[in-house]
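Asker: Protein chains in written order, with the working numbering: chain R, 1 to 235; chain L, 1 to 235; chain G, 1 to 235; chain D, 1 to 235.
Note that these hints are calculated values from the structure, not bench results.
Among the hints, a few may not be true.
Because identical chains share one entry, a pair is satisfied inside a single copy or across any pair of copies.
Listed next, the in silico BS3-like pairs over lysine-lysine satisfying Cα-Cα at most 30 Å (straight line) [said to hold, decoys possible]:
1. K221 with K133
2. K133 with K216
3. K133 with K50
4. K50 with K216
5. K133 with K18
6. K224 with K18
7. K50 with K221
8. K224 with K133
9. K177 with K50
Protein chains: 4
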Amino acid sequence: MLRELKEAVLEANLALPKHGLVTFTWGNVSGISRQDGLVVIKPSGVAYEKLTADDMVVVDLDGRVVEGDLRPSSDTPTHIELYKAFESIGGIVHTHSPAAAAWAQARRPIPALGTTHADYFYGDVPVTRPLTKDEVERAYELETGRVIVETFRERGLDPVAVPAVLVANHAPFTWGKDPAEAVYHAVVLEMVARMARDTLLISGGEAQMDAFLLDKHYQRKHGKNAYYGQPGAAH
Amino acid sequence: MLRELKEAVLEANLALPKHGLVTFTWGNVSGISRQDGLVVIKPSGVAYEKLTADDMVVVDLDGRVVEGDLRPSSDTPTHIELYKAFESIGGIVHTHSPAAAAWAQARRPIPALGTTHADYFYGDVPVTRPLTKDEVERAYELETGRVIVETFRERGLDPVAVPAVLVANHAPFTWGKDPAEAVYHAVVLEMVARMARDTLLISGGEAQMDAFLLDKHYQRKHGKNAYYGQPGAAH
Amino acid sequence: MLRELKEAVLEANLALPKHGLVTFTWGNVSGISRQDGLVVIKPSGVAYEKLTADDMVVVDLDGRVVEGDLRPSSDTPTHIELYKAFESIGGIVHTHSPAAAAWAQARRPIPALGTTHADYFYGDVPVTRPLTKDEVERAYELETGRVIVETFRERGLDPVAVPAVLVANHAPFTWGKDPAEAVYHAVVLEMVARMARDTLLISGGEAQMDAFLLDKHYQRKHGKNAYYGQPGAAH
Amino acid sequence: MLRELKEAVLEANLALPKHGLVTFTWGNVSGISRQDGLVVIKPSGVAYEKLTADDMVVVDLDGRVVEGDLRPSSDTPTHIELYKAFESIGGIVHTHSPAAAAWAQARRPIPALGTTHADYFYGDVPVTRPLTKDEVERAYELETGRVIVETFRERGLDPVAVPAVLVANHAPFTWGKDPAEAVYHAVVLEMVARMARDTLLISGGEAQMDAFLLDKHYQRKHGKNAYYGQPGAAH
Numbered sequence: 001m002l003r004e005l006k007e008a009v010l011e012a013n014l015a016l017p018k019h020g021l022v023t024f025t026w027g028n029v030s031g032i033s034r035q036d037g038l039v040v041i042k043p044s045g046v047a048y049e050k051l052t053a054d055d056m057v058v059v060d061l062d063g064r065v066v067e068g069d070l071r072p073s074s075d076t077p078t079h080i081e082l083y084k085a086f087e088s089i090g091g092i093v094h095t096h097s098p099a100a101a102a103w104a105q106a107r108r109p110i111p112a113l114g115t116t117h118a119d120y121f122y123g124d125v126p127v128t129r130p131l132t133k134d135e136v137e138r139a140y141e142l143e144t145g146r147v148i149v150e151t152f153r154e155r156g157l158d159p160v161a162v163p164a165v166l167v168a169n170h171a172p173f174t175w176g177k178d179p180a181e182a183v184y185h186a187v188v189l190e191m192v193a194r195m196a197r198d199t200l201l202i203s204g205g206e207a208q209m210d211a212f213l214l215d216k217h218y219q220r221k222h223g224k225n226a227y228y229g230q231p232g233a234a235h
Numbered sequence: 001m002l003r004e005l006k007e008a009v010l011e012a013n014l015a016l017p018k019h020g021l022v023t024f025t026w027g028n029v030s031g032i033s034r035q036d037g038l039v040v041i042k043p044s045g046v047a048y049e050k051l052t053a054d055d056m057v058v059v060d061l062d063g064r065v066v067e068g069d070l071r072p073s074s075d076t077p078t079h080i081e082l083y084k085a086f087e088s089i090g091g092i093v094h095t096h097s098p099a100a101a102a103w104a105q106a107r108r109p110i111p112a113l114g115t116t117h118a119d120y121f122y123g124d125v126p127v128t129r130p131l132t133k134d135e136v137e138r139a140y141e142l143e144t145g146r147v148i149v150e151t152f153r154e155r156g157l158d159p160v161a162v163p164a165v166l167v168a169n170h171a172p173f174t175w176g177k178d179p180a181e182a183v184y185h186a187v188v189l190e191m192v193a194r195m196a197r198d199t200l201l202i203s204g205g206e207a208q209m210d211a212f213l214l215d216k217h218y219q220r221k222h223g224k225n226a227y228y229g230q231p232g233a234a235h
Numbered sequence: 001m002l003r004e005l006k007e008a009v010l011e012a013n014l015a016l017p018k019h020g021l022v023t024f025t026w027g028n029v030s031g032i033s034r035q036d037g038l039v040v041i042k043p044s045g046v047a048y049e050k051l052t053a054d055d056m057v058v059v060d061l062d063g064r065v066v067e068g069d070l071r072p073s074s075d076t077p078t079h080i081e082l083y084k085a086f087e088s089i090g091g092i093v094h095t096h097s098p099a100a101a102a103w104a105q106a107r108r109p110i111p112a113l114g115t116t117h118a119d120y121f122y123g124d125v126p127v128t129r130p131l132t133k134d135e136v137e138r139a140y141e142l143e144t145g146r147v148i149v150e151t152f153r154e155r156g157l158d159p160v161a162v163p164a165v166l167v168a169n170h171a172p173f174t175w176g177k178d179p180a181e182a183v184y185h186a187v188v189l190e191m192v193a194r195m196a197r198d199t200l201l202i203s204g205g206e207a208q209m210d211a212f213l214l215d216k217h218y219q220r221k222h223g224k225n226a227y228y229g230q231p232g233a234a235h
Numbered sequence: 001m002l003r004e005l006k007e008a009v010l011e012a013n014l015a016l017p018k019h020g021l022v023t024f025t026w027g028n029v030s031g032i033s034r035q036d037g038l039v040v041i042k043p044s045g046v047a048y049e050k051l052t053a054d055d056m057v058v059v060d061l062d063g064r065v066v067e068g069d070l071r072p073s074s075d076t077p078t079h080i081e082l083y084k085a086f087e088s089i090g091g092i093v094h095t096h097s098p099a100a101a102a103w104a105q106a107r108r109p110i111p112a113l114g115t116t117h118a119d120y121f122y123g124d125v126p127v128t129r130p131l132t133k134d135e136v137e138r139a140y141e142l143e144t145g146r147v148i149v150e151t152f153r154e155r156g157l158d159p160v161a162v163p164a165v166l167v168a169n170h171a172p173f174t175w176g177k178d179p180a181e182a183v184y185h186a187v188v189l190e191m192v193a194r195m196a197r198d199t200l201l202i203s204g205g206e207a208q209m210d211a212f213l214l215d216k217h218y219q220r221k222h223g224k225n226a227y228y229g230q231p232g233a234a235h
């Protein structure tokens with residue numbers, strides 16, 4: 001079942017080491033079939049070079065394994081929570097890519113400081129509050145999903161316009177309309193995390209960009225009158 | 001038409017990912033035929049691995065597409081503005097190379113701190129003022145070109161002696177006598193941006209070089225009595 | 001003798017340059033046969049590309065060469081001291097991987113700042129006190145082993161839960177249940193050293209993680225109810 | 001003439017891009033035949049991928065070309081000055097490797113902070129004073145050699161024990177008993193420059209190592225009772 005989605009999820013998982021975003025097995029990608037209410041996700045702790053489409057695990061939105069011989073990623077409850085809350089997204093990526101993880105460890109949002117950021121993220125990439133002891137001990141991965149959703153709800157953020165988040169003391173999650181776009185955003189996030197880190201270093205801590213420049217760059221790629229790229233093409 | 005220039009522009013575009021200067025499609029190179037008053041430029045948002053010489057778009061100095069099936073780079077008006085103002089240049093490169101972009105985001109010129117810089121840039125690499133809201137909203141890419149030209153005019157800079165600029169909160173543009181030399185300068189710029197960043201880190205923020213050393217290094221490569229390299233060769 | 005262990009030690013040594021952890025010959029891996037009381041270790045100063053399983057040197061726990069034509073690694077007395085004190089470990093790695101070495105040179109422990117760290121190291125990665133003049137001059141490599149053991153004893157650390165140490169002004173040692181796991185920990189250590197360095201840079205020096213998050217992440221991989229990865233698999 | 005030395009100098013030059021130390025043509029290696037009083041050096045500004053042994057230029061100790069169709073490296077007078085003053089060296093390397101160049105631009109010596117440094121450099125790697133206007137304008141490359149020699153003479157440094165220097169606002173020179181060892185030292189220098197930079201970042205600027213540890217590490221590799229590596233082998 002879901003052959004095409006499994007292939008897309010496999011390919012997106014394999015793209016992570018290709019882009020230098022993961023060490024060993026530290027990353028996972030999932031995709032959802034909204035029609036079937038089923039999520040396809042990487043199995044937990046399997047080396048990328050051995051993954052096949054048949055290894056992908058199918059789970060329903062209650063987290064029950066519907067198909068697959070392997071245990072799904074331990075982060076599956078986080079993915080499911082995001083699919084439930086962010087209804088327009090089709091793929092999710094989790095990595096520990098080092099520059100983005102450093103911002104998460106510093107518990108700081110990645111500030112929008114330039115057009116590279118504005119081309120894909122319509123404002124700062126937020127960081128969640130730290131989870132409480134109770135949340136961590138009771139249902140850690142589920143609560144990780146919930147605190148991401150809380151972060152977007154409380155700040156009135158649109159997950160389509162800001163397709164990334166940093167989980168405090170942990171690492172980033174990104175998403176997109178499908179698994180491939182979620183990977184694309186993971187690559188961009190790592191790059192803007194590096195640039196923002198170096199900007200702080202160079203400027204001695206002070207830096208900002210004008211809201212109208214952020215707006216312009218985001219809209220020329222994603223607004224209704226977008227004119228970047230070829231008509232009808234993705235990026 | 002312009003077969004040779006298209007090949008040169010294609011090759012220069014392909015050199016960008018080879019030198020590690022671009023992620024995905026974030027970069028573009030153009031070249032000009034001064035005789036024909038025509039610019040050849042990369043199409044917008046097309047993956048590098050798929051580009052062919054025939055994909056290159058030919059535009060005139062009013063920005064009208066003269067030949068080509070694809071939409072030209074969205075940065076085309078910036079390129080044209082630079083070709084009009086800087087009459088001796090033959091090729092232009094735009095990238096978001098990370099170290100140079102970090103200086104642009106910090107709104108700081110890259111100071112001339114050593115001979116690596118002085119070998120190619122005869123003084124600091126300037127940063128433009130931020131564009132105004134009006135400029136951004138009215139004709140963003142055109143105004144980006146204008147603010148670069150303004151930066152050189154107001155500071156009395158020679159674009160041949162300083163073949164690079166940082167656009168505030170954006171990223172670098174570099175240029176040269178042809179597309180290949182513009183790429184060469186983009187590579188050098190990223191390297192001197194990294195070195196200058198690390199110099200600040202090591203020195204705690206203070207650093208400078210003597211004007212006569214800057215002068216010597218620039219002149220031994222580019223002055224009328226230049227003696228670096230082989231007689232008649234480029235670099 | 002010990003054919004299988006020699007192959008494992010060779011493979012682990014070759015993994016060091018593959019993971020970018022060593023320059024030239026600056027690294028060594030050993031493995032122990034607890035049953036035989038014998039250690040297999042890389043010969044000193046031999047280039048990785050020339051190493052064969054037969055080049056591996058067999059030494060007993062008094063440091064005497066039992067088999068092998070080459071001189072064992074000059075760090076052999078350090079390895080032996082660790083095998084004697086940490087009875088459950090089966091492999092040891094020493095590298096000068098640059099980010100971890102920078103922490104060692106700064107004489108600072110690598111603080112546990114995120115889940116990447118917590119997944120493998122159950123707390124800060126400690127740094128030893130500097131050796132005294134007497135220790136350095138009398139029996140340097142042996143005393144290096146002793147000061148590592150002293151560090152773990154005095155702080156009540158379990159070498160299985162924290163399989164790494166920084167030797168002050170020197171570089172890291174890591175270990176594991178076998179040579180391959182020791183290499184795995186060396187790779188993780190370098191990554192968390194980079195992330196922690198960048199976290200300090202971003203946060204301006206302040207950063208911490210909650211003990212219960214550290215606990216959760218370590219236990220979900222290594223506790224008795226671990227649920228990361230596939231049942232029965234290593235990582 | 002000097003066929004073997006030309007091959008050694010060619011190979012050493014080709015090793016520079018292989019180790020990631022040079023961009024474009026920014027580096028050069030030479031070797032000397034003490035018996036003949038002749039230096040073999042890379043031609044100026046020729047791309048590495050096109051170099052052959054026959055392109056190497058032979059010059060005498062007055063800087064006159066004795067053999068070769070190409071112009072020798074513009075840094076030839078610096079090399080010659082070092083060969084004259086440092087009588088036991090057989091090869092010299094000049095690069096603009098970025099981390100070492102950043103220290104040179106900061107006009108700071110690279111402090112001996114750990115054993116990676118101590119294994120090859122017996123103390124801080126010194127930085128020259130900036131050249132005067134007169135020195136730069138009169139005989140720049142010759143004076144660069146002279147200020148290096150002055151730095152070693154005034155501080156009582158032994159060029160065999162400290163086979164590297166930073167020229168202020170410029171970049172490093174390293175040397176060794178032959179061209180290959182000079183390259184080896186250039187690689188080590190770049191690595192210790194990176195480590196020292198990161199050590200400053202982590203420690204907030206304060207760091208040091210004990211003189212007796214520096215002494216021990218240097219001597220176990222290079223002293224008369226050296227025991228690192230295999231008997232009779234180089235490193």
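Asker: Could you run down the list of hints and mark each one as holding or not?
Answerer: Going down the list of hints, with the structure as the test:
1. In the homo-oligomer, the alpha carbons of K221 and K133 lie at most 30 Å apart only across protomers (18 Å), although the nearest pairing inside one protomer, at 41 Å, exceeds that limit.
2. Proximity of K133 to K216 under the C-alpha cut-off of 30 Å is restricted to the inter-copy arrangement: shortest distance 10 Å between copies versus 42 Å within a copy.
3. Taking the shortest alpha-carbon separations for K133 and K50, neither the intra-copy value of 36 Å nor the inter-copy value of 51 Å comes in at or below 30 Å.
4. In the homo-oligomer, the alpha carbons of K50 and K216 lie at most 30 Å apart only across protomers (28 Å), although the nearest pairing inside one protomer, at 43 Å, exceeds that limit.
5. Proximity of K133 and K18 under a CA criterion of 30 Å is satisfied in neither setting, with 36 Å inside one chain copy and 40 Å between copies.
6. In this assembly of identical chains, K224 and K18 lie within 30 Å of each other by CA distance neither inside one copy nor across copies; the values are 33 Å within and 34 Å between.
7. Taking the closest pair of Cα atoms, K50 and K221 come within 30 Å of each other only across two copies (21 Å); inside a single copy the shortest separation is 37 Å, beyond that limit.
8. In the homo-oligomer, the alpha carbons of K224 and K133 lie at most 30 Å apart only across protomers (20 Å), although the nearest pairing inside one protomer, at 44 Å, exceeds that limit.
9. For the identical chains of this complex, K177 and K50 are neighbours both inside a copy (26 Å) and across copies (23 Å), given an alpha-carbon limit of 30 Å.
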